[in-house]
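Residues per chain are reported as follows:
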Amino acid sequence: MTREKIIELVNSIFIEQFELSQEELTPDKKIFEDLGLDSLDIVDLITGLQRKFKIPLRQNEQIRQIRTLDDIYTLFEKLALENPDIAEKIIN
Amino acid sequence: MEKKRVVVTGAGVVSALGNRRDELFDSLAAGKSAARYMPEWQSFFGKINIAAAPVTLDQEAVKKIDRRFRRSMGNAALFAALAAKQAVAESGLDEATLSNGRTGCVISSTMGSSSSIVESTAAIIEKRFDDLSACQFFRCVSHSSSFNVANLFGISGVQLAPCSACASALQSIGLAFEQIQSGKQDVIIAGGSDEATPTVAGSFQQLFALAENENLPAEKLSRPFDAARCGLVCGEGAGILILEEYEHALKRGAVILAELAGYATNCTGAQISQSDHVSIEQCIRLAVADAGINPADIDYVSAHATSTLAGDKEEAEAIRRVFGAAVPVSSLKGHLGHTLGASGAIELAAIFEMMKHDTIISTLNLKNQADDCKGIFLPDKPCSKPLRTVVKNCIAFGGVNAVLVLRGYQRS
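Protein sequence lines correspond, in order, to chains A and B.
Everything in the first sequence is counted per this note's numbering, starting at 2 for the first residue and increasing by one.
Everything in the second sequence is counted per this note's numbering, starting at 95 for the first residue and increasing by one.
Don't take every hint at face value.
Calculated pairs, DSS-like style, for lysine-lysine (alpha carbon to alpha carbon, straight line, at most 30 Å) [said to hold, decoys possible]:
#1 A:K55 x B:K221
#2 B:K345 x B:K450
#3 B:K97 x A:K31
#4 B:K314 x A:K31
#5 B:K221 x B:K314
#6 B:K314 x A:K79
#7 A:K31 x A:K79
#8 B:K126 x B:K345
#9 A:K30 x B:K345
#10 A:K53 x B:K450
#11 B:K450 x B:K475
#12 B:K158 x A:K30
#13 B:K97 x B:K345
#14 B:K158 x A:K53
#15 A:K53 x B:K221
Residues of chain A clear of chain B, computed beta-carbon distances all greater than 12 Å [as the list claims (entries may be wrong)]:
#16 Q23
#17 T27
#18 D39
#19 S40
#20 V44
#21 I64
Chain A is faced by these chain B residues, among others (derived, beta-carbon under 8 Å) [what the hints assert, rightly or not]:
#22 K221
#23 D224
#24 S227
In case anyone wonders, no lab produced these hints; they're calculated from the structure.
Where is the CB? At the ideal position from N, CA and C, for every residue including glycine.
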């Protein structure tokens, strides 16, 4: 899966669930400070990412370390490499 | 300690007949009914002709509530938030007053957001855990409307939600009244909110309390005190009042809509599915006495009367015993359906307009006063009368009664 596709999928969650605009979603944005999410939103972010990428994440330690949008993109690049069938499972 | 006077300085409403108090009054005065058949409930009931009186939400107003507040609101809390915004705006309360710890929030509903409870239960049973938002629980809980409105306005005083099914709104207002009377709070955002859902309507249907008559159009089904009444029509919405200590309101130059003069609540202690005329009569007498007046001083009684066979009969008998046929009585359930935990507050919002216009809205669809509801005065059309003192009844499952006495504002 390409980085562009990962960015598209991750950003779609921020747009649909958190009502943010595409323009706000630059890689350097901090999820709490810049995008205004809080701890409850992070639960929904994890659920949204699970649904979108068909990967269980609730027990994933790395997801707890994300700080910026770029951290999410990079994590999913890594997860896509570890799970080569991920693209086939995704239903947009 | 002398009790403090409590006045109303704002009142908002979300209803099936208008999302503003004046719109609601105009619809009531025009004799409109909000009831319609609900084909969208067919999968639940197996037929299309179950009636309800649903709210049409103002989506532009919804969007104006920030997502961080909206995410934890089921429809009940959303209705309450929209009504509260109207009430707070009308009151002119500033942010400093709302957040100073002397302002509280007391709002309740039958069971939180009933639609959210159904969604959650279905998702859990079907193991669709990813469909459960982190905020789902906060939409379901019984005090959802109260804490959501408190958060929306930065309230840091008391937060309470005395849920008692269809008496919820009036008990909230009564409790808030007592909080201010005692000096514990200066201002309280108080009222009720509720949702019309197929699960709630189905619960009434199971008890033979839901109006069903295939020969009648939906708007004729809810007919309180009528000989042909056959049950209630579920409605929904919210009514939110700003209650304020009298001197506090005077000091800031607030416009006063009415004064709360007396309140009482009691229960039968004997019946879970209905109240009885003995306890309702007692509750009315206690509330009137709490206001320091006599039944003869009352200009109008706004009945609970939901159009059920047993409920209307018991309430009519209680009203007859207290007031005879001397005082005009009406129920707004013919227009609005039964808005459940919101009914007391929505109907109070309508009463403020009746007081303003010196007009009593009569009971819609009341054509032949039932024999078992005789002996009380039920006007058959809207009529003019100065309304200085008004009684509002609410009666609920659990055998619970609540009665509030309102007085037109008089400067001391």
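Outcome of the hint check:
1. A:K55 x B:K221: holds (16 Å)
2. B:K345 x B:K450: Holds, because 23 Å separates the two Cα atoms, which is no more than 30 Å.
3. B:K97 x A:K31: Measuring from Cα to Cα gives roughly 53 Å; hence the hint is violated.
4. B:K314 x A:K31: It is violated: about 57 Å lies between the C-alpha atoms, which goes past 30 Å.
5. B:K221 x B:K314: violated (42 Å)
6. B:K314 x A:K79: Judged against 30 Å, a Cα distance of about 64 Å means the pair is violated.
7. A:K31 x A:K79: holds (20 Å)
8. B:K126 x B:K345: Given that 30 Å is the threshold and the Cα spacing comes to 40 Å, the pair is violated.
9. A:K30 x B:K345: violated (48 Å)
10. A:K53 x B:K450: Between K53 (chain A) and K450 (chain B) the Cα gap is close to 56 Å, so the pair fails against 30 Å, i.e. violated.
11. B:K450 x B:K475: Distance ~18 Å between K450 (chain B) and K475 (chain B) Cα, so the pair holds.
12. B:K158 x A:K30: holds (25 Å)
13. B:K97 x B:K345: Holds, because 18 Å separates the two Cα atoms, which is no more than 30 Å.
14. B:K158 x A:K53: holds (28 Å)
15. A:K53 x B:K221: holds (17 Å)
16. Q23: holds (17 Å)
17. T27: holds (20 Å)
18. D39: The claim breaks: D39 (chain A) does not keep its Cβ more than 12 Å from every Cβ of chain B (closest is about 7 Å).
19. S40: Check fails; 8 Å does not lie beyond 12 Å.
20. V44: Given a closest Cβ separation of 4 Å, the condition is violated.
21. I64: Fine: 14 Å to the nearest Cβ keeps I64 (chain A) off the interface.
22. K221: K221 (chain B) check fails; min Cβ-Cβ to chain A is 14 Å, beyond 8 Å.
23. D224: holds (5 Å)
24. S227: holds (6 Å)
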